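Chemist: Single-letter residue listing:
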Amino acid sequence: DAGVTQTPRHEVAEKGQTIILKCEPVSGHNDLFWYRQTKIQGLELLSYFRSKSLMEDGGAFKDRFKAEMLNSSFSTLKIQPTEPKDSAVYLCASSLRLGVYEQYFGPGTRLTVL
Amino acid sequence: SQLAEENLWALSVHEGESVTVNCSYKTSITALQWYRQKSGEGPAQLILIRSNEREKRNGRLRATLDTSSQSSSLSITATRCEDTAVYFCATDLNQGKLIFGQGTKLSIKP
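If you read the protein sequences in the order shown, they are chains A and B. Just add 113 to the spot in the first sequence (first one is 1) and you have the working numbering. Just add 50 to the spot in the second sequence (first one is 1) and you have the working numbering.
Bound-form chain A, shown alone (with noise of 0.2 Å):
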């Protein structure tokens, strides 16, 4: 079975464009979450979808991020306008809901902005 896919591996921004990361869950699960990981804050939780409906859209990422489910199997996370502070990795993570699950990441997608 094929994992979580994540596309591009890399990215290289100027200030102030617009970027989108893609991420294709695992066949079959229901949840899916968007991840920003630096090596100051560890993990941060950005958004996150049940059956494509939006649960949790990241609090202080709200402004300038916006990840949307435009099917079971396909997501996106758009950053505009990208700044220097957003440089890091993204990782996308998928799970079943059935009770206790476990999350199927991706190898993320890192972010530089200039």
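Worth flagging that the hints you see were computed from the coordinates, not collected in a lab. Accuracy of the hints is not assured; some may be wrong.
Said to hold, decoys possible - A few chain A residues that face chain B, going by a derived Cβ cut-off under 7 Å, partial list only:
id	residue
1	L156
2	A201
3	L204
4	V213
5	E215
6	G219
Note that this is a predicted model, so its numbers are computed, not measured. Cβ coordinates follow ideal geometry from the N, Cα and C atoms, glycine included.
Starting from the known structure of chain A, fit chain B onto it as the hints suggest.
Modeler: Frame of chain A, contents of chain B only:
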């Protein structure tokens, strides 16, 4: 404040030795999970231990859970170079999401 946190930022042991990573958390949980993240990869689950369990094993890995002290440990025996990674604990609050700790960087020296 962190709802889950590992107690040490980094650990280093020699190959073949045993090592324990500790985690503390601050709220009632449904379960606690341990994840490992190798360089350039996303985290991968190692062990899930439910709140009514005290110990769980997976090969060379052993996790314990003490709900009274709100703490957990992950022990690795006979460590190998490929165990070098960052280890996270993550608490399940039965809200459909996990709260991850900051992680402990484990280095296994040849």
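Chemist: Next step is simple, just say for each hint if it's right about the structure.
Modeler: A quick look at each hint next to the structure:
The beta carbon of L156(A) comes within 4 Å of a beta carbon in chain B, closer than 7 Å, and the hint placing it at the interface holds. Nearest Cβ of chain B to the Cβ of A201(A): about 14 Å, over the 7 Å cut. The hint is violated. Using the Cβ-Cβ criterion of 7 Å, the hint placing L204(A) at the interface with chain B is satisfied: the shortest such distance is roughly 5 Å. With a least beta-carbon distance of about 5 Å to chain B, the hint placing V213(A) at the interface is held under the 7 Å criterion.
Interface hint status for E215(A): upheld, as the beta-carbon distance to the closest one in chain B is roughly 4 Å, under 7 Å. Given the 7 Å rule on beta carbons, the hint for G219(A) holds: about 5 Å separates it from the nearest Cβ of chain B.
Hint compliance for this structure: hint 2 alone is broken.
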